[in-house]
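One-letter residues, chain by chain:
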Amino acid sequence: MALADPAGHVLPLSLADKGSAGRTGFWRTQRPVLNPERCTGCFMCWLYCPEDVIEMKEGAGPRGQAIPVIDYEYCKGCGVCANVCPVKALEMVDEEKFLHEEVVQREG
Amino acid sequence: MAVNIRKLPRKKYVMPGNAACPGCPETMGFRYVGMALGEKAVMVIPAGCSSVIQGLWPRQGWGLPVLNIVFAAGAAAASGLARALRRRGIDAQVVVWAGDGGTADIGLQALSAAAERGEDIIYICVDNEAYMNTGIQRSGLTPYGAWTTTTHQGKKEFKKPLPQIVAAHRIPYVATASIGYPWDFIAKLRKAASIRGFKYIHLHAPCPVGWRFDPGLTAKIAQLAVETGMWILYEYENGKLRLNPPSNRLIDPSKRKPIEEYIKLQGRFRHLKPEDIERLRQEVEMNWREITAMLKLQELEERSKT
Amino acid sequence: MRGNEAVAYAAKLARVEVVAAYPITPQTIVVEKIDELIASGEMNAEMIHVESEHSALAAAYGAAAGGVRAFTATSSHGLAYMYEMLWWTAASRIPLVMAIITRALGPPWNIHVEHADLMSTRDTGWLIAMAENNQEALDLTLMMFRVTEDPRVYLPGIIGLDGFILSHTVEPLELPDQETVDEFLPPRRQPYVMEPGEPKAMGNLVPDEYFEELRMDMHQSLARARQVIMEAGREYGRLTGRSYESLVECYRCNDADIVIAGMGSWMGDAKITADVLREKGLRTGVLRLRWVRPFPWEEIREAAMGKKLLVVLDRSVSFGHAGPLFLEISSAVEAKPSMVGILAGVGGVDISYEDIARMVEHIYEMVEERGRVYIPAYWYHLGKFHPMPPYESVFLAPEQAPKGE
Amino acid sequence: MVPHATTGGGLLEALRSTVELRFHGRGGQGAVTAATLLVRAALLEGKWGQAIPSFGAERRGAHVLAFARVAEKPVPIHSMVRRPDVVVVLDPSLILVEKKKVLHGVKPGAKIVANLPEPVDLGDSSARLYWVNATRIAQELGLIVAGWPVVNTAMLGALAKATGLVSIDSVVEAIKEHWSGRPRVAELNAEAARRAYAETREAVAKPAEVAQP
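From first to last, the protein sequence lines are chains A, B, C and D. Just so we're aligned, residue 1 is where the first sequence starts under my numbering, counting upward by one. Just so we're aligned, residue 1 is where the second sequence starts under my numbering, counting upward by one. Just so we're aligned, residue 1 is where the third sequence starts under my numbering, counting upward by one. Just so we're aligned, residue 1 is where the fourth sequence starts under my numbering, counting upward by one.
Since the hints were made in silico from the structure, they are not lab data. All residues carry an ideal CB built from backbone N, CA and C; glycine is no exception. Among these hints, one or two may not hold up.
Unchecked claim - List time: in silico DSBU-like cross-link candidates among lysine-lysine, alpha-carbon distance up to 35 Å:
| id | chain 1 | residue 1 | chain 2 | residue 2 |
| --- | --- | --- | --- | --- |
| 1 | D | K100 | B | K264 |
| 2 | B | K296 | A | K88 |
| 3 | B | K191 | A | K97 |
| 4 | A | K57 | B | K296 |
| 5 | B | K296 | B | K264 |
| 6 | A | K88 | B | K257 |
| 7 | A | K97 | B | K296 |
| 8 | B | K191 | A | K57 |
| 9 | A | K57 | B | K7 |
| 10 | B | K12 | A | K88 |
| 11 | D | K100 | A | K97 |
| 12 | B | K7 | A | K18 |
| 13 | D | K176 | A | K97 |
Stated by the list, open to error - Pair ranges (Cβ atoms, derived):
| id | chain 1 | residue 1 | chain 2 | residue 2 | range |
| --- | --- | --- | --- | --- | --- |
| 14 | B | I251 | C | R215 | 41 to 51 Å |
| 15 | C | I111 | B | G239 | 34 to 44 Å |
| 16 | B | G239 | C | G197 | 54 to 64 Å |
| 17 | B | N4 | A | V33 | 22 to 32 Å |
| 18 | C | R215 | D | E13 | 47 to 57 Å |
| 19 | C | R215 | D | R16 | 28 to 38 Å |
| 20 | D | L43 | A | K57 | 28 to 38 Å |
Claimed, not checked - Chain B residues, not near chain A, derived (Cβ > 10 Å throughout):
| id | residue |
| --- | --- |
| 21 | R10 |
| 22 | K12 |
| 23 | P22 |
| 24 | L56 |
| 25 | F71 |
| 26 | R87 |
| 27 | T134 |
| 28 | K159 |
| 29 | K160 |
| 30 | D214 |
| 31 | T218 |
| 32 | E260 |
| 33 | M294 |
Chain A extracted, bound-state conformation (with noise of 0.2 Å):
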């Protein structure tokens, strides 16, 4: 967040945080959606990921390996994770099929 100065000036500075484009999940026309049976745990989507929002949870996989967990909130759904995945254990899924989950997740 802002920084504040001790003088009482207003500054151009900001500090690193999430969401400096607002929330940019609402930017997703897909969303990439685990397979976690195919997933070998091998890294490489959090890797490419361009917006940061996979996080590795080690062991949780059903076999004990580390499974990609993604954030919605902030994926964008640009599907690079789905493209460098070496075994497809990831899949663009059409937005449409998740929007009122989101909703009622939300309001009610």
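Based on these hints, arrange chains B, C and D on the given structure of chain A.
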């Protein structure tokens, strides 16, 4: 210096929810800078996509300190900053993170001068081959034939051979890299940070919006550029040239994928006629001839020494 | 000591750590002198030998942002070339000091004095001071470091000195010793430092409303700088005997009927003019602007109050209107005396106290004869008065004006 | 006398009869083009119009705004639209998830013309909702660019139907002019507008509550 992906820092050097387009290569590249240099880095960013990607005050989308600066001043401002931090005894690595315009065109003069002075900075050119921030206009690094909003018929000139131009300044380290090969880029950044003086890394960064391809293909297209030989991964360390994998296996043209595989995925090359593709192929061959000749010369020199 | 050397010594005494500059006549000596002082070990600083003025200010700015005192100097086209960096530096609130050795801009090439370069910086948010002589060039440079680094201000500052007239003219001056300067100038302060660690960004996009707030804060800080300048000037006087408490200098203004206003080296000549005219029975004084930003509005207003005639000398023109100082001073003068702007000495044309006396006498006679000013702006060229274009079509030329109206 | 001074007055009256519109879309979806085409259609009918892009470095996918004004006579105004008579929403998710922004400042009884698969509840708002599944129309016609359905022309058809501000014929003509060099693209977009015109409905009754999971 092999890079173990699982041992790379997990810290966020790019903040989710920034203003980059989906599939942006610059945010990918920036993450690797953070992973390689970590808390030592201070970024100097001249005008370009990376200025805007930071998003809106009071937040910013890069996980490192950033001094934004006017377009032509990247290398100069970094020079001053690096000197000041050194004088204050602060262990820092000042990094210029500039686009192709900020590097090859409007920023070239300051870059050349800083290289000549041997300033202790790493200069990274994030090359997306056009002025993307203003909406896809041609740059000195736009390749032959590419459509931009100022080359509707396709660019008639060739890409400026910038890494070679910078290498001609005889600085200690010049390398090319690609966002398709993060481990190579990270290793090069780490090497650069271990060397005092001016270091230059030219990062090939395919832009889905400007090149007209599906944003999910950013990394794939970057890899295709290397696999077809359109982009060559190499480094000059104290003047000695070395090809890096996988480019080192591609000296033999038959090992390279046809450039059509790279071109056909991009809308910016859609209008190319066979003769245009041929010209582009010749340009690729020319680049490889130069590299090969240099390598042969080095080999001869080595042999004469022993 | 030449004016350029005075400025170089000021940078040394201020313990500047990084200097980045590109040579341009008539500023070159500043760069050479500083390099010499560094080479001889007298000055503990680094010189960045940049390839252009744009890079000069950018590199000095980078160093200042990195937390050290930084300095640069330029002239004319060099200043024009670094223009965008002026805005960037000021709005980022990083203190930094620059000397501008005033010179005309081409074409045709002309390396001589004119205030066009300095005046083009007025809207950029920098503090601007203008020296009358080499001693003042040195003193104001030292003061500028203190004022720009004051937490109430946090803006960069420019010292102007006239090309060749001061920059290359040898004048005796008193160099304060290092202890005195150290006492006067506290260690560097700035609102933030760019260094590794905290992931902050300087200058990313802001909402338009916040942008306006940033601009308002710059404006208010410049207004607050008035007080800071007066304090620093008083303190400087206490330590050196040379006080710069006021933003203007008034010479025999109090009882004057006529006041000559202006800035720069020729205002010394204007003081002689005042004496000469007083001998002839014309009670004349001089109002010299030592600071252009913040603009000494109150001081000018007060000095002009109740006078018969205010003559403003300008050494550059705002083409299509009049001299910029004349225009600015017009905004401050309330109970307007007869006020006339005169443009002269542009592109290094020599102006002596006799010229100034001639200007004032001529204007005063006209005013006396007709009771008021008909043409408010003239260009004084080779001893003749040329009415300024915006007015000549509206007002009658003096020779056509009916006598005794 | 100043020779070029405007004389006559009556500007406020002209402003009051002006229809003001706000377009909500995502960067790259063509909200600005939609506003421009609307104005072109209005001009074809001898009206006056003005299309205002949202200025700035908006990125693909981000929520962007565009504005338009349509009037019988020229109105010398250049500020953004703060109290819209009509709001056009190009993307279903915007009205679902950013409803507050979509309804912000609308005049009482304003018309909301939205791309939706089914009507939604506008809550306490007095605004009237018109909806059409423009995404489906675009998909069926193959109006897809870089994986995204292009819905802006369909939404112009919906706008014509919901407001009568311009006729569908003018919309089609404006579209054909805009893509004059690419007749096939023009025809597809024109067809999208015509279909949307035919399919646009007003959501009369409050729709059923979204089922709780």
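Results for each hint:
The straight-line distance between the Cα atoms of K100 of chain D and K264 of chain B is roughly 43 Å, outside the 35 Å bound, and the hint therefore fails. With a CA separation close to 42 Å, the supplied pair K296 of chain B and K88 of chain A exceeds the 35 Å bound. Between K191 of chain B and K97 of chain A the CA atoms are separated by roughly 47 Å; this puts the pair beyond 35 Å, and the hint is violated. For the given pair, K57 of chain A sits about 48 Å from K296 of chain B by alpha-carbon distance, which is inconsistent with the 35 Å threshold.
Restraint check: the Cα-Cα separation between K296 of chain B and K264 of chain B comes to about 33 Å, which is no more than 35 Å; the hinted pair holds. For a cut-off of 35 Å, the pair hint linking K88 of chain A to K257 of chain B stands: about 23 Å separates their Cα positions. Distance check on the hinted pair: K97 of chain A and K296 of chain B sit about 59 Å apart at the alpha-carbon level, beyond 35 Å; violated. Pair hint K191 of chain B plus K57 of chain A holds up; C-alpha atoms about 30 Å apart against a cutoff of 35 Å.
At roughly 14 Å between alpha-carbon atoms, K57 of chain A and K7 of chain B fall within 35 Å of each other, so this suggested pair holds. Proximity of K12 of chain B to K88 of chain A is assessed by CA-CA distance (about 25 Å); at most 35 Å being required, the pair is judged to hold. In summary, the hint linking K100 of chain D to K97 of chain A is supported, as the alpha carbons are separated by about 23 Å, within the 35 Å threshold. Restraint check: the Cα-Cα separation between K7 of chain B and K18 of chain A comes to about 24 Å, which is no more than 35 Å; the hinted pair holds.
Restraint check for K176 of chain D and K97 of chain A: satisfied, since their Cα atoms lie roughly 34 Å apart, inside the 35 Å limit. For the pair I251 of chain B and R215 of chain C, the supplied restraint of 41 to 51 Å is violated, since their beta-carbon distance comes to about 57 Å. Under the hint 34 to 44 Å, the C-beta atoms of I111 of chain C and G239 of chain B, about 43 Å apart, fit the expected range. Checked against the hint of 54 to 64 Å, the C-beta distance between G239 of chain B and G197 of chain C comes to roughly 35 Å, which is inconsistent with it.
Our hint of 22 to 32 Å for N4 of chain B and V33 of chain A holds, since their Cβ atoms are close to 28 Å apart. Range check, R215 of chain C to E13 of chain D: Cβ separation about 36 Å, and the 47 to 57 Å hint is violated. Separated by about 34 Å at the C-beta atoms, R215 of chain C and R16 of chain D satisfy the suggested range of 28 to 38 Å. At roughly 57 Å, the beta-carbon separation of L43 of chain D and K57 of chain A lies outside the given 28 to 38 Å, and the hint is violated.
Not every Cβ of chain A is farther than 10 Å from the Cβ of R10 of chain B; the closest lies at roughly 7 Å, contradicting the non-interface assignment. The Cβ of K12 of chain B sits about 5 Å from the closest Cβ of chain A, inside the 10 Å cut-off, so the non-interface label is violated. For P22 of chain B, the condition that its CB be more than 10 Å from all CB atoms of chain A is violated, with the nearest at approximately 4 Å. With a least beta-carbon separation of about 6 Å from chain A, L56 of chain B fails to lie farther than 10 Å from that chain, contradicting its non-interface assignment.
For F71 of chain B, the condition that its CB be more than 10 Å from all CB atoms of chain A holds, with the nearest at approximately 17 Å. Remark: the non-interface label on R87 of chain B is consistent with the geometry, its nearest Cβ contact in chain A lying 23 Å away (cut-off 10 Å). T134 of chain B, annotated as away from the interface, keeps every beta carbon of chain A farther than 10 Å; the closest lies near 19 Å. No Cβ of chain A approaches the Cβ of K159 of chain B within 10 Å, the least distance being about 24 Å, so the stated non-interface status holds.
At roughly 26 Å from the closest C-beta of chain A, the C-beta of K160 of chain B stays outside 10 Å, upholding its exclusion from the interface. Chain A draws D214 of chain B into its interface by the beta-carbon criterion, the shortest separation being 7 Å against a cut-off of 10 Å. The beta carbon of T218 of chain B sits about 5 Å from the closest Cβ of chain A, which is not more than 10 Å, so the claim that it is off the interface is violated. At the 10 Å boundary, the C-beta of E260 of chain B stays outside the reach of chain A, the nearest C-beta of that chain being 20 Å off.
At roughly 32 Å, the least C-beta separation between M294 of chain B and chain A is larger than 10 Å, which holds for a residue marked as non-interface.
Violation of the numbered hints given earlier is confined to hints 1, 2, 3, 4, 7, 14, 16, 18, 20, 21, 22, 23, 24, 30, 31; the remaining hints are satisfied by the structure.
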